[in-house]
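Order-wise, the sequence lines are chains Z and R.
In case it helps, the numbering used here puts the first sequence at residues 1 to 468.
In case it helps, the numbering used here puts the second sequence at residues 1 to 251.
Think of the hints as simulated: they come from the structure by calculation, not from any bench.
Watch out, some of these pointers could steer you wrong.
To be verified - Result set (SDA-like, lysine to any residue): computed pairs, CA atoms no more than 20 angstroms apart in a straight line:
1. Z:Lys295 / Z:Leu101
2. Z:Lys122 / Z:Gly190
3. Z:Lys136 / Z:Phe148
4. Z:Lys2 / R:Lys231
5. Z:Lys2 / R:Ser128
6. R:Lys91 / Z:Arg458
7. Z:Lys2 / R:Ala123
8. Z:Lys234 / Z:Gln114
9. Z:Lys379 / R:Arg219
10. R:Lys91 / Z:Val462
11. R:Lys129 / Z:Pro4
12. R:Lys129 / Z:Lys234
13. Z:Lys379 / R:Ser85
14. Z:Lys2 / R:Glu114
15. Z:Lys136 / Z:Val345
16. Z:Lys2 / R:Glu124
17. Z:Lys295 / Z:Lys308
18. Z:Lys379 / R:Thr70
19. Z:Lys2 / R:Thr70
20. R:Lys91 / Z:Lys308
21. Z:Lys2 / R:Arg79
22. Z:Lys379 / R:Glu88
23. R:Lys129 / Z:Glu8
24. Z:Lys2 / R:Gln87
25. R:Lys129 / R:Arg140
26. Z:Lys379 / R:Lys91
27. Z:Lys136 / Z:Gln105
28. Z:Lys2 / R:Leu133
29. Z:Lys295 / Z:Glu8
30. R:Lys231 / R:Arg130
31. Z:Lys2 / R:Arg140
32. R:Lys91 / Z:Leu459
33. Z:Lys308 / Z:Val104
34. Z:Lys295 / Z:Asn103
35. R:Lys91 / R:Arg79
Unchecked claim - Covered by chain Z, according to a simulated footprint, are these stretches of chain R (three or more residues, beta-carbon under 8 angstroms):
36. 60-67
37. 121-134
Stated by the list, open to error - Quick partial rundown of chain R residues pointing at chain Z, CB under 8 angstroms, derived from the structure:
38. Ala90
39. Asn105
40. Ile107
Backbone N, C-alpha and C define an ideal beta-carbon position, used for all residues, glycine too.
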Amino acid sequence: MKLPDLTELALRNLRESILRNSLTTIGISVGVASLVAMLSLGIGLQQMASRRLVKSGLFDTIIVTSRREMRGMSRQEERNGPNPGESRVLDEPARHEIERLWNVQEAYPDIRFQAELRYEDKPHLAMISGLPASAKSNDAFEGMQGTFFTSDAAAEVLLQKSFAEELLGKTPPLGSPDPDVAELAKPLLGKELVMLYSQRVNSPSPAPPLRPTDAASADAALGATYSVISREQKLKIVGISDLDVESMRGPMRAKVFLPLHLAESLHVMQGVDLREIARAAGDQPVYSSISARVKNPAQIQAVEDAIKKMGFSTFSIVDASRGLRQFFGVLYAFLGIFGSLALIVASIGIVNTLVMAILERRREIGIMKAIGASDGDVKSLFFAEAGAMGLLGGVVGVVLGWAIGQLINFGTNVYLRHQSLPPEHFWAVPWWLVIGAILFSLGVSLISGRYPAGRAARLDPVQALRYE
Amino acid sequence: MTSSPAISSGTAAIRSENLCRHYQMGETIIRAVDGVSLQVRAGEFVALLGSSGSGKSSILNLIAGLDRPTSGTVVVQDRDLASLSRQELAKYRLRVVGMVFQSFNLIAGMTLAENVELPLRFAEVERSKRETLVREAIDRVGLIARSHHRPSELSGGEQQRAALARALINRPQLLLADEPTGNLDSHTGVEIMDLLREFNRQLEMTVVMVTHERALAERYAQRMIFLADGKLVDEQSNPPAAQLTTRGGHS
Chain Z
1 MKLPDLTELA
11 LRNLRESILR
21 NSLTTIGISV
31 GVASLVAMLS
41 LGIGLQQMAS
51 RRLVKSGLFD
61 TIIVTSRREM
71 RGMSRQEERN
81 GPNPGESRVL
91 DEPARHEIER
101 LWNVQEAYPD
111 IRFQAELRYE
121 DKPHLAMISG
131 LPASAKSNDA
141 FEGMQGTFFT
151 SDAAAEVLLQ
161 KSFAEELLGK
171 TPPLGSPDPD
181 VAELAKPLLG
191 KELVMLYSQR
201 VNSPSPAPPL
211 RPTDAASADA
221 ALGATYSVIS
231 REQKLKIVGI
241 SDLDVESMRG
251 PMRAKVFLPL
261 HLAESLHVMQ
271 GVDLREIARA
281 AGDQPVYSSI
291 SARVKNPAQI
301 QAVEDAIKKM
311 GFSTFSIVDA
321 SRGLRQFFGV
331 LYAFLGIFGS
341 LALIVASIGI
351 VNTLVMAILE
361 RRREIGIMKA
371 IGASDGDVKS
381 LFFAEAGAMG
391 LLGGVVGVVL
401 GWAIGQLINF
411 GTNVYLRHQS
421 LPPEHFWAVP
431 WWLVIGAILF
441 SLGVSLISGR
451 YPAGRAARLD
461 PVQALRYE
Chain R
1 MTSSPAISSG
11 TAAIRSENLC
21 RHYQMGETII
31 RAVDGVSLQV
41 RAGEFVALLG
51 SSGSGKSSIL
61 NLIAGLDRPT
71 SGTVVVQDRD
81 LASLSRQELA
91 KYRLRVVGMV
101 FQSFNLIAGM
111 TLAENVELPL
121 RFAEVERSKR
131 ETLVREAIDR
141 VGLIARSHHR
151 PSELSGGEQQ
161 RAALARALIN
171 RPQLLLADEP
181 TGNLDSHTGV
191 EIMDLLREFN
201 RQLEMTVVMV
211 THERALAERY
221 AQRMIFLADG
231 KLVDEQSNPP
241 AAQLTTRGGH
251 S
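Kindly produce the complete structure, drawing on both the sequences and the hints.
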C-alpha cells in the first residue's frame with residue numbers, strides 16, 4: 001500500500017474509535033510533556049548558570065600578556081614560542097588587532113598601579129585598577145552601594161569595602177563578621193579623594209616639571225625621552241563594592257577602581273614602563289596585559305589560539321566550565337530518565353490500545369486479507385496508526401510541556417518578586433528539544449506498535465472471518 | 001458416480017488432487033476436506049452443494065488461498081497454491097480471485113465506494129484511475145446512487161451487490177461465492193444470482209459457488225458437485241434447458 005493510502009486509512013481507523021485513541025494520545029502527550037518539562041528545566045538551569053558565569057567575567061575573558069613578560073602559563077609555550085626578546089610588545093596596535101578578532105567583544109588594557117590616596121588629609125596606599133564600562137553589568141558589582149561611574153572618563157571612584165573600612169578607620173578584627181556595606185557607604189558616598197600618582201610624560205625635550213621627584217629620563221636608541229611627574233587627581237566616591245578582594249581575578253584585583261578611560265588618560269607610570277623603557281618613550285603606551293572579552297564563551301579556545309598565533313601569551317579559565325558541563329550532563333540524564341518514565345507508561349497504553357483494536361477489528365483484518373491485503377499491508381496499517389498517535393501525542397506534548405514550563409517559571413518569579421529577588425528565566429525549550437521530543441515520541445510509539453502490528457499481520461483470515 | 005464429459009474438454013482453471021484439510025480439535029482430528037479431487041474449466045459456473053459441515057466452504061477457502069491444505073494439491077491457473085509464500089498468496093487473492101460471502105463482509109466504517117476501492121489501494125493503483133474503475137464497478141451492479149452510503153444504510157441485497165462490485169474491481173479470472181444468497185430473501189437472491197451469471201458470461205469469469213439451495217444451483221450452475229463429510233459424493237451436469245428456463249433480465 002502507498003503511503004498516502006496508508007495514512008488515510010490509519011487516520012480513518014483512529015477516528016472510528018475516537019475516544020479510546022484520544023485517551024491513548026493524551027497519555028503520550030502527558031509523557032512527552034513531562035519529558036520536555038524535565039529537560040527544559042535542566043537546560044534552563046544550565047543556561048542560567050552559564051549566564052551567571054559569563055556575567056562574573058571569569059569565563060569569557062582571556063588575559064593577554066606579552067611573551068616579553070616571561071610569565072607564560074605553560075613551560076611548553078616558553079620553549080616553543082619565539083625568543084622573548086623578538087616577540088611583540090603589547091601596545092595599542094596590538095590591542096586593536098585583538099579587538100578585531102572574530103568573537104571578541106572588546107579588548108581593554110589592564111591598568112593597575114599603586115598610588116597614594118588622601119582622604120580627609122590622611123594618606124592611604126592602595127592598588128588601583130581601571131574598569132571598563134562593560135563591567136557595569138558584571139555580577140561582581142551586584143551588591144554595590146551607590147552607582148556605577150557616570151561616564152567612562154568621569155573623575156569618579158569605586159571603593160572596595162575593606163578599603164572603605166580602612167578610610168573610616170573601622171578595620172574589624174580578624175574573624176569578626178563583615179560590616180554592612182550600606183553602613184560603610186553612608187559617610188563616604190559623594191566625598192572626595194585625592195590621588196597622588198606619577199605621570200609619564202613623553203617629550204623630546206622634557207616638559208618643565210612642577211615637582212620633579214625622580215629624574216628617570218633615559219636616552220633610548222632613538223633619542224626619545226620621557227619624564228615622570230608627580231600629579232594629583234581629585235576623585236568623587238560614587239560607590240562601595242561588596243566584593244571580596246580574594247574573589248577577584250588577576251587584573252581586577254584591586255581595592256580602588258577608576259573608569260578605564262580616566263585611568264588611561266592619566267598616563268600613570270607602571271611597572272612595565274621600566275622594563276620596556278626603550279619603547280615606552282615612544283608615542284604609544286605599552287600595556288602589561290590586556291583583557292579580551294569574548295562574545296561566546298563556548299568558543300573561547302579559538303580566540304585564545306588566534307591570539308597565541310599573534311605572538312602573545314594567553315590565559316583563561318576554560319577547564320572550570322568543563323566541570324560544569326559534566327555536572328549538567330549527569331543532571332540531564334536524571335531528568336531525562338524521570339521524564340521518560342511517563343512516556344514508557346504511555347507506550348504501554350499504545351500497546352494496549354492496539355491489541356484491543358486487533359480484537360475489535362479481527363473481522364475487518366480478515367476481510368482485508370481475503371480481498372488481497374498482504375501481511376505487510378496489515379502490519380503497516382497498524383504501524384501507521386501507532387505512528388500517528390505518537391506524532392500527534394508528541395506535538396501536543398511539546399506544547400503542553402512548554403506551557404507547564406511557562407507556568408512554573410511565572411509562579412517562581414512571582415515568588416522571587418515577593419522575596420524581593422530579581423526574576424530569573426530558568427526555563428528554556430530549545431528547538432532541538434522540540435524536534436527531538438516529537439521524534440522520540442514517534443519512535444517509542446512505533447516500537448510499541450511492533451508487537452500489535454505483528455500480531456495483526458499473522459492473523460489467520462479463515463478464523464478471523466469466522467469470528468463474529 | 002458419473003464423471004462429466006465436460007471435465008476432459010477445455011482448459012482447467014482449478015484442479016485439485018486428493019485435497020485434504022484436517023483440523024486438530026483437542027484429541028480429535030476433524031477432516032473438513034478429505035481427499036477431494038476435482039477440476040473446473042475456465043469460464044465454467046460450478047456449484048458446490050452439501051449440508052452444513054460437509055466441507056464445501058473449506059474447499060472454497062483452499063481455492064481462495066485463504067487456507068493451506070494439510071495434504072494434496074490445489075492448482076489454480078497453473079499456480080500450485082501450496083507452494084506459494086504468504087506474500088504470493090496475498091497477491092494471488094488480490095489479482096486472481098474475487099470473493100463474496102454470505103454475510104457480505106463489507107467494512108462498516110467505509111462507504112460503499114470506499115469498500116469497492118479498497119482492493120485498488122492494496123494493488124497500488126493510481127488515485128486518478130481509481131475513481132473511474134470504482135464508478136464502473138458500482139454502475140455494473142446498479143448502485144451508483146448509493147455510492148456514498150455506509151453498509152448499515154444499505155439493504156442486504158444492496159450490500160451483496162456492493163460486495164460483488166468489490167470482488168470484480170481488480171478484474172479477477174475467478175469468482176468464489178460462499179452462500180451468496182444465504183442472508184437474502186428469495187427475490188433478492190435471484191437478483192444476485194443473475195449478476196453472478198452475468199459476470200460468468202459477459203466477463204468470462206470462472207464462478208465457483210457454495211450453496212445448500214439445490215434449486216438455485218440447478219437454475220444457474222452448469223455443473224453441481226455434491227459433498228458430504230469432506231468427500232466428493234456426486235457430480236451432476238445441468239442440461240442447458242434447465243438454465244434457459246430462468247429469467248435473464250440483467251443481461
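Results of checking the hints against the structure:
Proposed proximity of Z:Lys295 and Z:Leu101 is supported: the alpha carbons are some 11 angstroms apart, at most 20 angstroms. Distance restraint check for Z:Lys122 and Z:Gly190: the Cα-Cα separation of roughly 18 angstroms lies within the 20 angstroms cut-off, and the hinted pair is therefore satisfied. Restraint check: the Cα-Cα separation between Z:Lys136 and Z:Phe148 comes to about 7 angstroms, which is no more than 20 angstroms; the hinted pair holds. Between Z:Lys2 and R:Lys231 the CA atoms are separated by roughly 43 angstroms; this puts the pair beyond 20 angstroms, and the hint is violated.
Among the hinted pairs, Z:Lys2 with R:Ser128 is consistent with the structure: their alpha-carbon atoms are about 14 angstroms apart, no more than 20 angstroms. The suggested pairing of R:Lys91 with Z:Arg458 holds, with an alpha-carbon distance near 16 angstroms, which does not exceed 20 angstroms. For a cut-off of 20 angstroms, the pair hint linking Z:Lys2 to R:Ala123 stands: about 9 angstroms separates their Cα positions. A threshold of 20 angstroms between alpha carbons decides the hint, and for Z:Lys234 with Z:Gln114 the separation of about 16 angstroms falls inside it, so the pair holds.
With a C-alpha separation of about 43 angstroms, the suggested pairing of Z:Lys379 with R:Arg219 is violated against the 20 angstroms cut-off. Annotation: proposed proximity of R:Lys91 to Z:Val462 holds, straight-line Cα distance about 17 angstroms (limit 20 angstroms). With a CA separation close to 15 angstroms, the supplied pair R:Lys129 and Z:Pro4 stays within the 20 angstroms bound. Between R:Lys129 and Z:Lys234 the CA atoms are separated by roughly 94 angstroms; this puts the pair beyond 20 angstroms, and the hint is violated.
Between the alpha carbons of Z:Lys379 and R:Ser85 the distance comes to roughly 17 angstroms, so the proposed pair stays at or under 20 angstroms and holds. For the given pair, Z:Lys2 sits about 16 angstroms from R:Glu114 by alpha-carbon distance, which is consistent with the 20 angstroms threshold. The suggested pairing of Z:Lys136 with Z:Val345 is violated, with an alpha-carbon distance near 50 angstroms, which exceeds 20 angstroms. With a C-alpha separation of about 6 angstroms, the suggested pairing of Z:Lys2 with R:Glu124 holds against the 20 angstroms cut-off.
Proposed proximity of Z:Lys295 and Z:Lys308 is supported: the alpha carbons are some 18 angstroms apart, at most 20 angstroms. The hinted pair formed by Z:Lys379 and R:Thr70 fails the criterion: a straight-line CA distance of about 27 angstroms is larger than 20 angstroms. At most 20 angstroms may separate the alpha-carbon atoms for a hinted pair to count; Z:Lys2 and R:Thr70 exceed this at roughly 35 angstroms. Restraint check: the Cα-Cα separation between R:Lys91 and Z:Lys308 comes to about 71 angstroms, which exceeds 20 angstroms; the hinted pair is violated.
Taking the CA atoms of Z:Lys2 and R:Arg79, the gap is about 27 angstroms. The hint is violated against a cut of 20 angstroms. At most 20 angstroms may separate the alpha-carbon atoms for a hinted pair to count; Z:Lys379 and R:Glu88 meet this at roughly 16 angstroms. At most 20 angstroms may separate the alpha-carbon atoms for a hinted pair to count; R:Lys129 and Z:Glu8 meet this at roughly 18 angstroms. Taking the CA atoms of Z:Lys2 and R:Gln87, the gap is near 16 angstroms; set against the 20 angstroms cutoff, the hint holds.
With a C-alpha separation of about 17 angstroms, the suggested pairing of R:Lys129 with R:Arg140 holds against the 20 angstroms cut-off. For the suggested pair Z:Lys379 and R:Lys91, the alpha carbons sit about 16 angstroms apart, so the restraint of at most 20 angstroms is met. Restraint check: the Cα-Cα separation between Z:Lys136 and Z:Gln105 comes to about 15 angstroms, which is no more than 20 angstroms; the hinted pair holds. The hinted pair formed by Z:Lys2 and R:Leu133 meets the criterion: a straight-line CA distance of about 18 angstroms does not exceed 20 angstroms.
A hinted pair counts as satisfied when its Cα atoms are at most 20 angstroms apart, and Z:Lys295 with Z:Glu8 does not qualify at roughly 50 angstroms. Straight-line distance between C-alpha atoms of R:Lys231 and R:Arg130 comes to about 42 angstroms, which puts the hinted pair past the 20 angstroms bound. With a C-alpha separation of about 27 angstroms, the suggested pairing of Z:Lys2 with R:Arg140 is violated against the 20 angstroms cut-off. Distance check on the hinted pair: R:Lys91 and Z:Leu459 sit about 17 angstroms apart at the alpha-carbon level, within 20 angstroms; holds.
Pair hint Z:Lys308 plus Z:Val104 holds up; C-alpha atoms about 14 angstroms apart against a cutoff of 20 angstroms. The hinted pair formed by Z:Lys295 and Z:Asn103 meets the criterion: a straight-line CA distance of about 5 angstroms does not exceed 20 angstroms. About 12 angstroms separates the Cα atoms of R:Lys91 and R:Arg79, which keeps this hinted pair within 20 angstroms; it holds. Counting residues of the region 60-67 of chain R whose beta-carbon sits less than 8 angstroms from any beta-carbon of chain Z gives 4, enough to reach three: the coverage restraint holds.
Given a C-beta distance limit of less than 8 angstroms, the hint that chain Z covers the region 121-134 of chain R holds, as 5 residues qualify and 3 suffice. At its closest, the beta carbon of R:Ala90 sits 4 angstroms from a beta carbon of chain Z; the interface hint therefore holds under the 8 angstroms criterion. Nearest Cβ of chain Z to the Cβ of R:Asn105: about 5 angstroms, under the 8 angstroms cut. The hint holds. Residue-level restraint check for R:Ile107 holds (minimum Cβ-Cβ distance to chain Z is 6 angstroms; threshold 8 angstroms).
In summary, the structure is inconsistent with hints 4, 9, 12, 15, 18, 19, 20, 21, 29, 30, 31 from the numbered list given earlier, while agreeing with the others.
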